[in-house]
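Here's the letter readout for the chains.
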Amino acid sequence: MIDKTIDSAAQAVSCIGDGAVVMIGGFGEVGSPVELIHALIDQGTRDLTAINNNTGNGEVGLAALIGNGQVAKMICSYPRSSHSKVFPELYRAGEIELELVPQGTLAERIRAGGAGIPAFFTPTAVGTPLAEGKEVRELEGRTYVMEPWLKADFALVKCDSADRMGNLTYHQTARNFAPLMCMAAATTIVQACRVVEAGAIDPEHVVTPGIFVDRIVEVAEPVQESRLIAEGRSYP
Amino acid sequence: MIDKTIDSAAQAVSCIGDGAVVMIGGFGEVGSPVELIHALIDQGTRDLTAINNNTGNGEVGLAALIGNGQVAKMICSYPRSSHSKVFPELYRAGEIELELVPQGTLAERIRAGGAGIPAFFTPTAVGTPLAEGKEVRELEGRTYVMEPWLKADFALVKCDSADRMGNLTYHQTARNFAPLMCMAAATTIVQACRVVEAGAIDPEHVVTPGIFVDRIVEVAEPVQESRLIAEGRSYP
Amino acid sequence: MSADSRKPTGWSREQMAARAARDIPEGSYVNLGIGIPELVARFVPEGREFIYHTENGLLGMGPPPAAGEEEPELINAGKKPVTIVPGASFFHHADSFAMIRGGHIDVCVLGAMQVSAEGDLANWSTGRPGAIPAVGGAMDLVAGVETIFVITQHTTKTGEPKLVERCSFPLTGKGVVSRIFTDLAVVDVTPAGFRLSELAPGVTEAEVREKSGAPLQPIR
Amino acid sequence: MSADSRKPTGWSREQMAARAARDIPEGSYVNLGIGIPELVARFVPEGREFIYHTENGLLGMGPPPAAGEEEPELINAGKKPVTIVPGASFFHHADSFAMIRGGHIDVCVLGAMQVSAEGDLANWSTGRPGAIPAVGGAMDLVAGVETIFVITQHTTKTGEPKLVERCSFPLTGKGVVSRIFTDLAVVDVTPAGFRLSELAPGVTEAEVREKSGAPLQPIR
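Residue numbers (our numbering), protein chains in the order written: chain A, 186 to 421; chain H, 186 to 421; chain W, 115 to 334; chain D, 115 to 334.
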């Protein structure tokens, strides 16, 4: 019987090795798989390339992973935050690499990675520094830049409900990048607020079909980054 | 107040003029907006380019539109059917043009049209007659063919529930091409089995957000093509 | 009223937002940038309905919640708590930017560091050494939305003009801005450059010209 | 048993399907083509669970419904009524072909008009004048799915070989087929061309060779 559930976050991320490319769901703290990230910090995996819209907040979650020196390169659209000094300090010190990608191009590159589309043309960033060095082409009278797909070895995402087959639903704006990242990673690792019976999620309401999911760990009461930050917490 | 509902199928399609490019939802008869197509037959609009996965069944719906001489060109993946002689006869007589597109490429080209992606690369059809004359490129060691977006002046689709803002849900495998076509058409015309209050569809369960929809007509008891065919019916 | 009068002149942030809202047509799908543009949502003119899009995956964004009513997973692009209106929908980032890039959003209101006479916009980076570049969705919005409004103070805090011949900061997009709402005036971007469209109360054409870094065609 | 024995030899359609099913690993995501491949779903080996994908927007396809239980809007790619299993999901065509093109489907079983010694597949058109070409999802499947199995009679109704040096019909894909299940044998496509892997009961190597249009490496 197919059963993708796993007992602990530690076990779930144990397959991630040094040098891996890891997509991490979330827009700011919303949708961030904090418990999976903390398990990755516990594990000490290094030289990661991390793909996320931002660079984390405070000294927990993604910011803590970066602050712990585990991330060699960030691919993101918005590495500034009112609550994090971790990334800016490392970046100014030249200790972390940054690939800045417009948010919609980032989303589309990840979707392309999942959908088997190695490259596509987009009008975004034409005529700006972010198009420099990229192939540009005129199509039907408008100029476009060519962008490559983005794939990962692993995706870490948070969802609302999951079943043993890996079907997922999300909650409100916590959906954001997660369904795309599940598609684009060789191995997708999910923390679910609830694991339910196969069939408990209406087939019309599944957002991520199970085919895109490999490992599921239930985290019934996930922490909220902003609450940890308000309490002055840092990780580990 | 935004209210996209319209009283009749005839009114809903009245904006479609001769020479229009029209995407029509459905995979075979499932999801086919038969009442909207029949309204288009009543209206007699000609020289249409029709985009659908197939070419209709029997002498009703899309097959009837084609049989009535209103379609100059079909873009589809599978123009054969066990229940239709209409398209094959016109095609052999040279009276209708055919652009044959692999099904996944057809879906992706329509999505690209809706998403503002003018072209993309795909491995599908490389080395086959359907890639002839197209730009081919090696990327990361594999050969891909470049495919352009597909847009339309109008989309005709069938949905399950709709609200006045144009949010839509579908039923089972009747979803197929409809959500993509809603995105890719300048004007999207929907026949809904049910028009419900704004807010009656859970925001987590909306499949087509209202931004992609322009006109909605309620058709509470849509006909089933196969039943019409079994009864030996033809249209008009 | 003379320019040296002590009466307050020009528009407040709220008035700039309200003035911009007046130019948004009924039934529009609207994306609001972070900062002053967020205020536009408070000033929907009587009898109109707009649908607000926020690029992190929500159509049908409502006003901010009352204190204590915040939902931790319901935020806008500025990562602030919001609400939803009846008829809202949630979707993922690729669908959200398909709405933007695919030309489905009617109007976007953005902030600006500089706008050029050709409608070029710079609003994401000073390009200075040590600055952390952060673009977010701005480049996608200006590339995909037909009508780009800008709301901005007419000059920087140090009095430098923001309406300029040519942007000195890195561009967000070329030739994308159609109308600018400042504290002093409404300015259109036309094929012939900037054109004054409207003056804020108590503001003179001379003052606007003096505080602009490029010529302004007179009000027609 | 000699070739001229009157005993039935070779595999039936059902036996070909059952034999193919044995080579599908536990937990696979599987797409089945129209015709004999559809029969594979009936022969899931004891102790294994496969998830069936149908490209018109369903993962978790179950067996055909009992007569009278058909749902008019629940069909497979062959447009026949199907059912769903617990854990099924519906999605649109772009998501469905993202699963295919993106390499997420593990195994696809297709019919064939011709298969070449290099694994080229022809199964969509004879290319004859007057033929209505119809490709459906076949080209997407062979381009996107890692393991392509073919189930086919070893020869055409008129006795022409379907395993050939080079396909004379227009291709569906180049170098895509890994294993062929016919009524006579299981044949692998290897860098050195066809290789016999298994003979159906009562079938001789000589008979398979005689009915093939290209050399076959012997069973190892």
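A portion of the hints provided could be inaccurate.
[What the hints assert, rightly or not] If you want a taste of the chain A side facing chain W, the calculated C-beta under 8 Å gives, among others: (1) R265; (2) R277; (3) L285; (4) T313; (5) P314.
Keep in mind that the hints were calculated from the coordinates and are not lab data. A virtual CB, placed ideally from N, CA and C, is assigned to each residue, including glycine.
Status of each hint after checking the structure:
Of the supplied interface hints, the one on A:R265 holds, with its beta-carbon coming within about 4 Å of a beta-carbon of chain W, less than 8 Å. The closest approach between the C-beta of A:R277 and any C-beta of chain W is roughly 6 Å, which is under the 8 Å cut-off, so the hint is satisfied. Nearest Cβ of chain W to the Cβ of A:L285: about 5 Å, under the 8 Å cut. The hint holds. Checking A:T313 against chain W by beta carbon gives a least distance of about 5 Å; that is within 8 Å, so the hint holds.
Given hint, A:P314 at the interface with chain W, holds; its Cβ is 5 Å from that chain's nearest Cβ, closer than 8 Å.
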